[in-house]
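Enquirer: Here are the chains, one letter per residue:
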Amino acid sequence: MTTYIIRRLLLFFPTLLGITIVVFAVMALSPGGVGASLLTREGGMDPRVRKEVEAYYNKRYGLDKPLPVQYLRWLNEVSPVGTKEAGTGFPQAWGFGFKMPDLGESLVRHRPVIDLMKESLPITLLLNFISIPLVYLIAIVTGITAAKHRGKIADVGLGSVLLAMWSVPQIWAGVLLIGFLGSNQYLKIFPVNGLHDVQSDGMTFLPHIIHGAFERGWLLDSLWHLVLPVFCLSYVSFAFLSKLQRSSMLENIGLDYVRTARSKGLGEKTVLYQHVFRNSLIPLITISASILPSLLSGAVIVESIFGINGMGKLIVDGALAHDRELVLSDALVIGGLGLISYLLADICYVIADPRVSYD
Amino acid sequence: MGNRFGVKDFLLLALLVVLIVSVWLSMAQRDREWKVLESIRDQGDSQSHDLAAIRRALAGGIRLSNAGGSATSGSAEGKEDPFKYVKEAEAQPDYASGDWFIDNLHTKVGDLTPLLASNDLYSQIIQGRVLESLVYQDPNTLEYVPLLARSLPQISRDGLTFTFQLRQGITFSDGVPFTADDVVFTFNWIMNPAVEAPRDRAYFQKIASVTKNGDDEVVFKFKEPYFLSMDLAGGMQILPKHFYEKYTPQQFNTNPGLLMGTGPYMLRDPASWRPGDRVELVRNDRYWGETPPFSRIVYEQVEQDAAALTMFKNGDVDTFIAQPEQYELLLKDAQLVKRTQHFALDTPLSGYSFIGWNEKRNGKPTLFADKRARLAMTLLTDRERICKEVLLGYATVANGPFSPLGKPQTAPDLKPYAYDPARAKQLLKELGYQDRNGSGVVQGPDGRPFEFTFTYPAKDETLQRIVLFLRDSYAAAGIKMNLDPVDFPILIQRLNNRDFDATTLAWSGEVEDDLYQIFHSSQIGDQGDDFVSYANPELDKLIEEARRTVDEPKRMKMWQRCSEILHEDQPYTFLTRRKSLSFMAGRIKNVHPSKVGLNFVGRWNMPCPWYVPKELQKWGK
Amino acid sequence: MVDDMALAPADAPVQADAPPTRGLVAQAIRDTLSGAGAKAGLVWICVVGFCAVFAPFLANSYPLAVKIGGHWSSPLLRHLTPVDVILLVMFFACVILALIRRLTFARKLAIGGIVLVVITPLAYLFVRPPSLDVFEEYRDLAKQGKIEAAIYAPIPYSANDRMRDQPEDRLSPPNRRHLLGTEDTGGDLLSRMIHACRIAMSIGFISTGIAVVIGIVVGGVMGYFVGAIDLFGMRLIEIFEAIPTLFLLIAIVAFFGRNLYIMMAIIGLTTWTGDARFIRGEFLRLRNQDFVHAAVAAGLPVRSVLFRHILPNGISPLIVSASFGIASAILYESTLSFLGLGLVDEPSWGQMLEQSLGVGGTFIWWIAFFPGLAIFLTVFAYNLIGESLRDALDPRLHGIE
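Residue numbers (our numbering), protein chains in the order written: chain A, 1 to 359; chain B, 360 to 980; chain C, 981 to 1381.
Everything labelled a hint here was simulated from the structure, so no lab data went into it. Watch out, some of these pointers could steer you wrong.
Claimed, not checked - Once the Cα atoms are required to be at most 30 Å apart in a straight line, the calculated DSSO-like pairs of lysine-lysine come out as:
no., chain 1, residue 1, chain 2, residue 2
1, B, K954, B, K467
2, A, K152, C, K1019
3, A, K148, B, K367
4, B, K788, C, K1126
What you are looking at is a predicted structure, and each value in this text was computed from that prediction instead of being measured.
Just need the whole structure built from these sequences, with the hints factored in.
Expert: If you want it as structure tokens, here you go:
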């Protein structure tokens, strides 16, 4: 097992290298390229000014160098081992060694990419950490119900409703929710922009009654803002997990130990909930790690629709602005997260099911 | 993990999670409280600091100069009073100080640090409340009015030397006095190549040097006469030396929240703002001039139109910049109209949109190299209908590059060409265009069909509608227009490489527009802004001459001749001048149109004449 | 869909150890089609397909036949594009081939291919519609009273007809003249939705086709060569799996610009990993089975065994993933269009949906509802078919239920 994990960890490096090369190649080979002229975006500049601005950025980001050099330069910056200025990192005296990895600076926003990520990643993770338990809870309940009534109306009905929900495009759901529940043309129940109210900084934390008027407080306000995005993010995953739960239940019911339990004289309920249910959770648990990447893609859509400044929006904005540093770092971080979650899924699998061995 | 995991364990786990979450949340709440406490403590500190200064000053028997503000500025000389409009407001019977003004910028602000985001209009708006310049332009008369300068500068005979006397007794928002050193520092800081201000640097290159002459006099020396020298010298926003000096250029470049000045408002902490935070400016209690009415100005950064509108309707923000459709729709909402104010203003600052016909691509003349072809395109463009149908009447047909509201740069008898497809077809026929093979598209004498690609910025719905309208209009005359929407950075790149047939964009305007950058033939090469490769030697000479002419009436004559040449040559089809449409909360009083838009918001820097009567005040009580 | 099934060739060897493929697939198809859901899905896809083929006849500003000055002419036919003609010819060829019973499927496929190869250059050579569209031409003529008689398409508006002569109709809710209302630009929503069926159909089939082909080739090569190539291939798969498809799509489209063909290619190029994994797995699994050993011992080269015999057996489950793949390709296209990265003038459901919010910041329900519904129904249809196919092909479920 340990050797397997180490091997997989070592294989991370070529894969991450590959991911960034793919993304870099896409940007470099595109018609616009990644040159400095993209940075003098608003036009309306005296050519002399433009020249100067371009020269400045070229010098700063090495944008006039040949493409492989640009890539290697970027790689050197993000890697924890590489050339560095003497006097920093380890060993201090050398020009080569361990150093702090640097994700560079967003070309368009003029800010360190790491700062942008620090701001946006927690928001996306918050959305996901709220929606994952929700998805699981609903999926497990519906999965068990379907398995219990297999072949009957409840099973077929649940199955088709969940499949239908799975097929509803998130963009459509988002637009309709905003339109009918969030816009003042129809029902104005939910807020539709961002995760906090404008006045949230001045709110108390918990709901209060102030001067006889109800004040919802910061916590409730945040939850209120989360309702629609979280719903939009989670409803698509119900079908898949519920189906998994259902088939896993059915599979377990057909196994010998269930027959043994039944023949021991245990009640149907005990068999179902004490034995079958617990064992049927294994595939759901093992798959939990690997749904992270797909939730990240969901975040791209949901955050764009609801105007939430998370990772997804950062990605879209970065790509639209042709922000080389930002897009590359996005690829690196997302790719890394994806790889880690796949590895976790594999490890979970081994822990959950001792019969599986990767060695 | 597998088989022994029971319901009890699950409950335990859930309990643990709830516990951790609540601990974390309570810590977050603690943090929030702590931040508020911190800011209160800061305020207290600075107040006691001030008190100490007052005590010291009283003990020393020196009169404090910033207490009463304007009284000490010693320039109540009528016309030159920078606070004329504020005083008028204060004279109103219902005038009251207090309340907040909550503006929405419709975008995320990336940098508050001056110079860094020199291309970002919105940071400039915020900086304009915190920083002040030596003089400003009166929004109604467009005259210069001294602000940090005691009076308008003495200008040498050759127009190359500007000498400013500085007001005394002004301090920055942290209490440090403002002196000539700060002016000199600002200029040198801009010119420091390590500072990320290449754009400002290039503009200020016309200035040879800025030197101080004692503590309250600075001298700007120009390299050549220039009709906008006053703007350059007087409009430079002064940075406090003692504050920015602490940072290396490297630190300055990477720090988005360094903002301090002499202005009426300030950031509570001039160095800690981070993008994503709310921008909240508080009243600068040490302000030297008239105390500004609002105790706080908040800038929301809501990008989505729908959300911004909702917030405006709910009263969460005080302004809303509308698209024509929204404006129409909102006007139908009687209740909203009753409790708010709305303005549809023409201002020279909003500029004009145009179609640029590229005359040379890959070194070869294009379909539009002949001015008759360009004129035909203009005649085929029903600009009245665009104004009426797409922009719903909130725009006027642009009559050349100069605004009718700025200085009189357009020849008085010049009228825009009317929609005239018959004459356009006649012109095309003269050029030898007709449909010879029944394909529906007219062909030139060489058999080349009149077909071109229209490159334009994607993702703008109004523009998209205009472009589709143009395509259908040209199709009716047998001209095929292919659409090529591209992202803005790519569009700019294509323009720089002259790699397009036709495009549409908008130039923003000034009170007096300079044609050099856009139409002078020197701007064809070197990726200049004459991207349509238009050249006319007569125009070149006129522009050069006008720029050197400091005498205004003489210069206007030259500009007017320029406008005639452009009308004749049609390098662009000048499309529309859009009105700026805005809604404003009803409780804010004294909001009036001026020559440059409303009399306070926007990129025009001026003391704030708006206020909220006591009974209508809403925030910060 | 049904035709795709028969990709499993008739002459696949039925070995003792090998699963009885033909029977299983046939059974699966029968099971699938007997389900009500799958049937409904199939019907909807047929409707969309019909709209895609006959779009110019269903919604067109040009009259099908018109009598001016005593002469009958057909502006509609004159304005047909080569693509319209190819689609129509192929449609009728397929119908005729389906009706002929005597031919084997392979022959039908071959004949279909030949027709396509012949008709494409012919259409591009001889079909020369006017390159300019003045949609209001015949409405103007009718207003001037010059048209004596005319037959119009059921919806007398083309997709790109912005009705310049009726500016008052812009952005009108569903009414008698415009059954589903009009768009912000003035186009008739129903007409645009009908023409958008083409993009929906083509993006699904072409991109999934690309993905399946790449998946089979890469997976096959990996499963065949094993060793270093397998290791390298797995990294390649991991690279593409670790980047969320949507991220890669957004990056590529943002950098390469808006183009339907690029979009199809990219969706194909980024979604092949599942297929490749599956084929590789099948190869590795079957390699060690007795019947393969037997075949190899009998003198057949390994290559021939793997590619001629195992591959066809392994492919049938790919149909399931292809069905889901089509659904997700449609979703990707509409999402990209929604994010503003889609096509501008060509009608597409996602692009229409995008306009429902933000036109002046207001919500226009008919633009939000109908195109979204079309996307949903199509995706749902493919998912239903995919789901029933999967159930039908999953032997474990057979045992239990």
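Enquirer: Please flag the earlier hints that this structure goes against, numbers listed from lowest up.
Expert: none
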